[in-house]
Amino acid sequence: QITLKESGPMLVKPTQTLTLTCSFSGFSLNTGSVGVGWIRQPPGKALEWLASIHWNGAERYTPSLQSRLTITKDTSKNQVVLTMTNMDPVDTATYYCAHRHTSHTHRYFDFWGQGILVTVSS
Amino acid sequence: QTVVTQEPSLAVSPGGTVTLTCASSTGAVTSGNFPNWFQQKPGQAPRALIYNTGKKHSWTPARFSGSLLGDKAALTLSNVQPEDEAEYYCLLYFGAAQLVFGGGTRLTVL
Chain A
69 QITLKESGPM
79 LVKPTQTLTL
89 TCSFSGFSLN
99 TGSVGVGWIR
109 QPPGKALEWL
119 ASIHWNGAER
129 YTPSLQSRLT
139 ITKDTSKNQV
149 VLTMTNMDPV
159 DTATYYCAHR
169 HTSHTHRYFD
179 FWGQGILVTV
189 SS
Chain B
44 QTVVTQEPSL
54 AVSPGGTVTL
64 TCASSTGAVT
74 SGNFPNWFQQ
84 KPGQAPRALI
94 YNTGKKHSWT
104 PARFSGSLLG
114 DKAALTLSNV
124 QPEDEAEYYC
134 LLYFGAAQLV
144 FGGGTRLTVL
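Residue numbers (my numbering), protein chains in the order written: chain A, 69 to 190; chain B, 44 to 153.
If you are wondering where the hints come from, they were derived from the structure by calculation, not from laboratory data. Since we're looking at a predicted model, the values are computed, not measured. Heads up, the beta-carbon is just placed ideally off N, CA and C, and yes, glycines get one too. Be aware that one or more of the hints could be misleading.
What the hints assert, rightly or not - Listed next, with one range per pair, are the computed distances between beta-carbon atoms:
(1) A/112 x B/153: 18 to 28 angstroms
(2) B/149 x A/190: 25 to 35 angstroms
(3) B/100 x A/110: 18 to 28 angstroms
(4) B/151 x A/156: 45 to 55 angstroms
(5) B/74 x A/75: 30 to 40 angstroms
Stated by the list, open to error - Reference listing, derived: stretches of chain A covered by chain B, where coverage requires no fewer than 3 residues with Cβ under 8 angstroms from a Cβ of chain B:
(6) 84 to 92
(7) 130 to 136
(8) 147 to 157
(9) 168 to 178
As the list claims (entries may be wrong) - Facing chain A, a subset of chain B residues (Cβ under 8 angstroms, in silico):
(10) 79
(11) 91
(12) 95
(13) 100
(14) 132
(15) 137
(16) 142
(17) 143
(18) 144
(19) 146
Model the full assembly from the supplied sequences, consistent with the hints where possible.
Pasting the structure below:
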């Protein structure tokens with residue numbers, strides 16, 4: 069059974085750096101084709117893919133935020149960490165992590181965490 | 044900046060059939076965009092329904108189906124149930140590094 073859970077601060081100040089942790093179970097990031105992605109959703113708005121990291125260490129970022137994002141994995145702890153620098157009130161959103169499968173023939177997100185609402189305010 | 048467009052809202056009667064579509068600003072959506080579809084109800088995380096255009100996850104009800112319709116990806120709900128009222132998002136893959144969600148379709152079951 070695959071589960072994921074996001075953790076981190078629920079309130080950050082403008083210009084601060086956000087660090088979110090995705091703790092997961094039921095799969096290993098050492099397994100081929102497996103990855104973890106981060107997706108966010110501002111209140112009342114659409115989903116936005118932010119970043120992914122894959123079993124082989126490959127990192128992918130959405131172009132518009134690439135300069136502010138870093139994604140890392142700790143396979144021994146079954147965790148993926150996302151950092152986002154220079155936070156702004158427009159970054160207020162629910163942040164989700166999700167299990168991802170990527171291969172030449174199949175690409176999908178299947179299992180999602182419950183999400184964590186992060187508010188950016190002074 | 045690639046934009047993925049969905050109908051903002053649709054309505055359907057219980058027992059009816061409705062098709063939601065997903066278009067790309069770069070041109071026709073193909074199987075190479077590996078279309079995914081998700082359902083999201085208020086206060087909940089998205090739930091995956093369809094991947095690779097038309098493949099279902101093990102938990103996806105049979106009344107949900109995915110396809111390519113013209114130059115778009117499509118999600119068809121048959122025999123719609125009241126519990127299908129939700130926001131639906133498509134996700135398209137562009138090459139190895141870019142993933143773009145659509146703006147979502149709010150489905151109302153009247």
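message: Hint residue 143 of chain B vs chain A: min CB-CB distance below 8 angstroms?
response: 7 angstroms, holds
message: Checking hints one by one. Is residue 146 of chain B an interface residue toward chain A, by the C-beta closer than 8 angstroms rule?
response: With Cβ-Cβ at 5 angstroms, under 8 angstroms, it holds.
task: Using Cβ atoms only, decide whether residue 79 of chain B comes closer than 8 angstroms to chain A, and label the hint accordingly.
output: 5 angstroms, holds
task: Count the residues of the stretch 130 to 136 of chain A whose CB lies closer than 8 angstroms to any CB of chain B, then report whether that count reaches three.
output: Coverage by chain B holds for the stretch 130 to 136 of chain A (3 residues, Cβ < 8 angstroms).
query: Using the C-beta atoms of residue 151 of chain B and residue 156 of chain A, is the stated range 45 to 55 angstroms upheld?
result: Cβ of residue 151 of chain B to Cβ of residue 156 of chain A: about 34 angstroms, so the range 45 to 55 angstroms is violated.
- prompt: For the hint on residue 137 of chain B, does the least C-beta distance to chain A fall short of 8 angstroms?
  reply: Since the shortest Cβ distance to chain A is 11 angstroms, the answer is violated.
field: Hint validity - residue 95 of chain B Cβ closer than 8 angstroms to any chain A Cβ
entry: 6 angstroms, holds
- prompt: Counting residues of the stretch 84 to 92 of chain A whose CB is closer than 8 angstroms to a CB in chain B, do you get three or more?
  reply: violated (count 0)
task: Evaluate the given range 30 to 40 angstroms for the C-beta pair formed by residue 74 of chain B and residue 75 of chain A.
output: 37 angstroms, holds
message: Would the hint on residue 100 of chain B be counted as holding, given a Cβ-Cβ threshold of 8 angstroms to chain A?
response: Holds. Min distance 6 angstroms.
message: Is the coverage entry for the stretch 168 to 178 of chain A by chain B consistent with the three-residue Cβ rule at 8 angstroms?
response: Holds, because 6 residues of the stretch 168 to 178 of chain A bring their Cβ atoms closer than 8 angstroms to Cβ atoms of chain B.
message: Quick check on a hinted range of 18 to 28 angstroms for residue 112 of chain A and residue 153 of chain B, using CB atoms only.
response: 22 angstroms, holds
Violated hints for the displayed structure, listed by number in ascending order: 4, 6, 8 and 15.
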